[in-house]
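Visitor: Each chain is listed here by its residues.
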Amino acid sequence: MSRVAEFIFRRRGRNGWHWTDVFTWVWLIGGLFIMFGPAVWLVGSSFKSPAALAEFPPSIMPYVTQKATVEGYDKPLDLYEVTMPEGSKKVLAEVRRIGIVAQMVSPDKPTEIVKVNIAERTPVRTMSFATSNYSEPFTHFDFVRYLWNSVFVTVTATVITLIVNSMAAFALSKYEFRGRTFAMLLILATLMVPLSVIMVPLYSIISALGLFNNLWGVILPTVATPTGVFILRQYMLTIPDELIDAARMDKASEWQIYWRIVLPLTAPALAVLAIFSVVWRWNDFLWPLIVLSRKELYTLQVGLSVYSGELNVQWHFILAMTVVTMIPVVLVFIFLQRFITTGIAGTGLK
Amino acid sequence: MGHIKLTNVTKSFGAVDVLHDINLEIKDGEFIVFVGPSGCGKSTLLRMIAGLEKPTGGELAIDGKVVNTVPAADRGLAMVFQSYALYPHMSVRQNLAFGLENTKMPKAEIAERIAEAARMLEIEPYLDRRPGQLSGGQRQRVAIGRAIVRRPVAFLLDEPLSNLDAELRGSTRAELAALHARLSATMIYVTHDQVEAMTLADRIVVLRAGRIEQVGTPLELYNRPANRFVAGFIGSPHMNFLEGTVEAVPSQKAIATLAGGHRLELPVGADIETGSRVTLGVRPQHIALGAGDNSIRAKVRLVEALGSETVLHADVAGQKVLVVAPGQHDLLPGADIDLSLSAAPIHLFNERGLRLERAV
Amino acid sequence: MVAVRLAMGAIDVPLRWVQRRLGIGGMATFFLLPNMLIFGIFVLLPFFINFAYSMTGGTALFLPDRTFVGGEQYARLFDCVNYTDPNSCAEDTFWTAVGNTAWFVVLQVTLMILFSLITALILNRELMARSFWRAVFFFPVLLSPVVVGLIWKWILQRQGLLNFGLYGLGFDPYTWLNDRNWSFAATVGVSIWAHMGFYTLILLAGLQAIPKDLYEAAEMDGTRPARAFWRITLPLLMPNLLVVVVLVLIRAVQIFDEVYVLTGGGPGISTLYITQYIYETGFATQLRNPGLAAAASILMGAVLVVLTLVQLGLGRKGEKKGARK
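Protein chains in written order, with this note's numbering: chain A, 1 to 350; chain B, 351 to 710; chain C, 711 to 1035.
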């Protein structure tokens, strides 16, 4: 046991704690709360009823005040545990509240009104997960539509990105031709031309092509990614040229060399690019916001932002939908973290 | 079938001329070896025959048909690469089948050819493995198998043994020779290793700096090297070269003086002028220990006793001489000894490095 | 899978014909074409049109319908009585956005690099469950900016987690995002929260590439740890640090998504940054003026190019210095 502890708290000071050891653990534990805390809080909040969300101070877990139907009252009444003047405790239902005095009735004696100081009572609450936060948006809003739009954009854009980028990378890594360096430089130079710089004219081009308010207008401008061409090319350069020569001697056409030799061998780099592309396209916001103005075309990100910007924000739905929007990315994170971190460390792309 | 002819073929990459005016005729069924130091253009020459490089000038013909513009796939040749270039993501079987599938060959025939090649090369147990799971020698066999199943008019082999360890190289060399005998197909083989060239070739093509230095059978090259370069390149250890000057030219002979004042009598058939500078070439194995008619005095620098033979590094008036003497000799560095050249076939090269023909 | 295979086989037949016509070299063009075409239409063309766009006026969408106004849009952007005071400018929101962005960049870049460097140094120590801790700091990187904005909007609102925590310490609830200064601080903090893990990862890779025996040699020489940090760690980390600085800087200048969701540029225009200014001028406001937006975007692009080149220049100079030593 002590050896485990020794390992866990391995530190610089051989005797006692060096200040860097203290700092390290303060930083790590603090980081744990600041990094994970907000997301955990979001998930927890997303299961609270609107009433619980409006409470201050908020409760940690989702609670709901129990209600009881009392004879003679149309609506179910909130239940409270009341400390009676003689000291006994009793569960009563609140009829109305005036200042600090509440008029309450016992559920079994609906006619007898008891006046109680509100300091003398606490609500009877049970934990309850408001799953309707999740189920209702699927029926009331166009949420399924947004989800579908996001999935369509993400999948289509990723597939096209992989094909188009890998073809270009193949040409730029395995052929000698005039202008090859120029083409490569041109592609790399666009790393310096971000969307925010060209969005105005790009919008006019999309409109001219009739792609305004069209999911393809969201997809097409994103697929010729320079980073994609770059990482695939770097990877393909490591495939020996003799393999290409061997395939040519084997009567393979250039297309077959690309499709049957080079592409399978580039699989690791393609996987990295695919993961990145999925995350990029799923998270895209500014460009879809510009291109899509019809509600039924919104992607999840646009839909969420529009609903959260309304005057009367329905937080209980927004929070739940935010959690749903996070799910694919969190799954990618959990299962493919290793791929992503090595990809970033190797190429510095995002 | 498998007759290849190169006429005035040249090749340059940009401003750099890699091959100059290559003329060569390869007969059907012949085992030809291109040999030379690295950068001599032998691989480029092979890749040009394969169709992977285009000649800059001249004419390349296979079986009488000019193929300068015919793509590699349509020349009916097969190639074994130095790195083997096996497709790493395909099984051995798929590797062998890939080229045949591209010609739309019926499945049954593909299977039959693979089975035949696998039997011949004894790679049947590995047919469903990936190249990554095979040893170097096994990969090498698969690479050859991939060429065999194609039934090409000629095999092109680019340093196929250079990635094997010494022992395996020896046995594979023997198998290649047997394979050639069995298939009796034209084989063109590139290597920088003169032992491979000597043991495998029907004829050797020695290249240097993009030019053919000599073409001939292994023994022709060994016995009658056309010039100093070929003489030095063929044979192991390298031939000794001693600089000298012609003193007098009696009939069919030349008297030459070496540095250090040794006078040697040499049989010469061609014209040679008194006072011209010559280079004597003697193979280390042809020098005998002890005094004789044509003997020189040397100082021993290093003795390498190998048991069956003794290699002496000696010094003749500042020129290095290597002697391989059979048996064991009790010599120490620093000793002065006599070396006899009387029984040695001495080669004489003129100032331009060309060999002077000996008197018969 | 079978269908894809058959389709690719079928494509091969016409492509073999194409290859016969074009030759092997020509096939390179064929492979390059789709990417270059998309790239040309959606990146290169808009890039050049942008210049023309910035010299036209009116609200018409397509370039041929727009009226040429020369440098008027630029003149308008620069029409100021006193350049230190945005309110004295004709286009006061532009200058406010420029000022906000400048402050944001200075603050965010400094803190981002400081925090990610500290985190990377800590993660580079001998640590139990290092990959877990790395994941902790990296996790927000993959979240969409909209989600990030919403998470923090929820935490910073009146009934949010922050007020809850402060309430426990005896403070009254406060609507942070309605305060000019706090909402500015929130945009800086949230953007650091969201992206810090990414830069930490790049720096960590650099740290791990430094051979351990250098430190052992330094220890044998009696070098103190602080000196080892300044004289060994930092110089060898320089290439990665430089990449990080360039990336952080370029992205800080373009900040938009998470801020747009978090504060919407408010309260007032106190967190309005330059990209949002371009977006609103070009698309969102009643009096949209695409020409003005294009002019502003070109100015931003110029700043980005200058920043990148300066950084690269510094990097090269540093490399040369290193080589001479």
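I should point out that these hints are in silico values taken from the structure, not numbers from a laboratory. Glycine included, C-beta positions come from ideal geometry on N, C-alpha and C. A portion of the hints provided could be inaccurate.
To give an idea of the interface, some chain A residues facing chain C are shown, with a C-beta separation under 10 angstroms as derived from the structure [to be verified]: (1) L147; (2) V151; (3) A168; (4) L172; (5) V200; (6) N214; (7) L215; (8) Q256; (9) L289.
Listed below are the simulated PhoX-like cross-link pairs for lysine-lysine, each with C-alpha atoms no more than 25 angstroms apart in a straight line [what the hints assert, rightly or not]: (10) A:K251 with B:K454; (11) B:K670 with A:K251; (12) B:K404 with A:K251; (13) A:K75 with A:K109; (14) B:K415 with A:K251; (15) A:K67 with A:K90; (16) A:K251 with B:K355.
Visitor: If a hint holds in the structure, say so; if it does not, say that too.
Guide: Hints, verified against the model:
Hint status for L147 of chain A relative to chain C: violated, with the closest Cβ pair at about 14 angstroms, above 10 angstroms. Because the smallest distance between the Cβ of V151 of chain A and any Cβ of chain C comes to about 14 angstroms, over 10 angstroms, the interface hint for this residue is violated. The closest approach between the C-beta of A168 of chain A and any C-beta of chain C is roughly 4 angstroms, which is under the 10 angstroms cut-off, so the hint is satisfied. Here the hint on L172 of chain A is kept, as its CB sits about 7 angstroms from the closest CB of chain C, short of 10 angstroms.
Because the closest C-beta pair between V200 of chain A and chain C is about 5 angstroms apart, less than 10 angstroms, the hint holds. Interface restraint check for N214 of chain A: the shortest CB-CB distance to chain C comes to about 14 angstroms, outside 10 angstroms, so the restraint is violated. With its C-beta approaching chain C no nearer than about 15 angstroms, L215 of chain A sits outside the 10 angstroms limit, and its interface hint is violated. The criterion of a C-beta within 10 angstroms of any C-beta in chain C is met by Q256 of chain A, whose closest approach is roughly 6 angstroms, and the hint holds.
Look at L289 of chain A: its Cβ gets to within about 8 angstroms of chain C, closer than 10 angstroms, so that hint holds up. This hinted pair checks out: K251 of chain A and K454 of chain B have alpha carbons roughly 10 angstroms apart, not beyond 25 angstroms. Note on K670 of chain B and K251 of chain A: the hinted pairing is violated, with a Cα-Cα distance of about 53 angstroms set against a maximum of 25 angstroms. Note on K404 of chain B and K251 of chain A: the hinted pairing holds, with a Cα-Cα distance of about 17 angstroms set against a maximum of 25 angstroms.
In summary, the hint linking K75 of chain A to K109 of chain A is supported, as the alpha carbons are separated by about 17 angstroms, within the 25 angstroms threshold. The suggested pairing of K415 of chain B with K251 of chain A holds, with an alpha-carbon distance near 19 angstroms, which does not exceed 25 angstroms. A threshold of 25 angstroms between alpha carbons decides the hint, and for K67 of chain A with K90 of chain A the separation of about 15 angstroms falls inside it, so the pair holds. Between K251 of chain A and K355 of chain B, the direct Cα distance comes to roughly 23 angstroms. Compliance with the 25 angstroms bound is thereby established for this hinted pair.
In summary, the structure is inconsistent with hints 1, 2, 6, 7 and 11 from the numbered list given earlier, while agreeing with the others.
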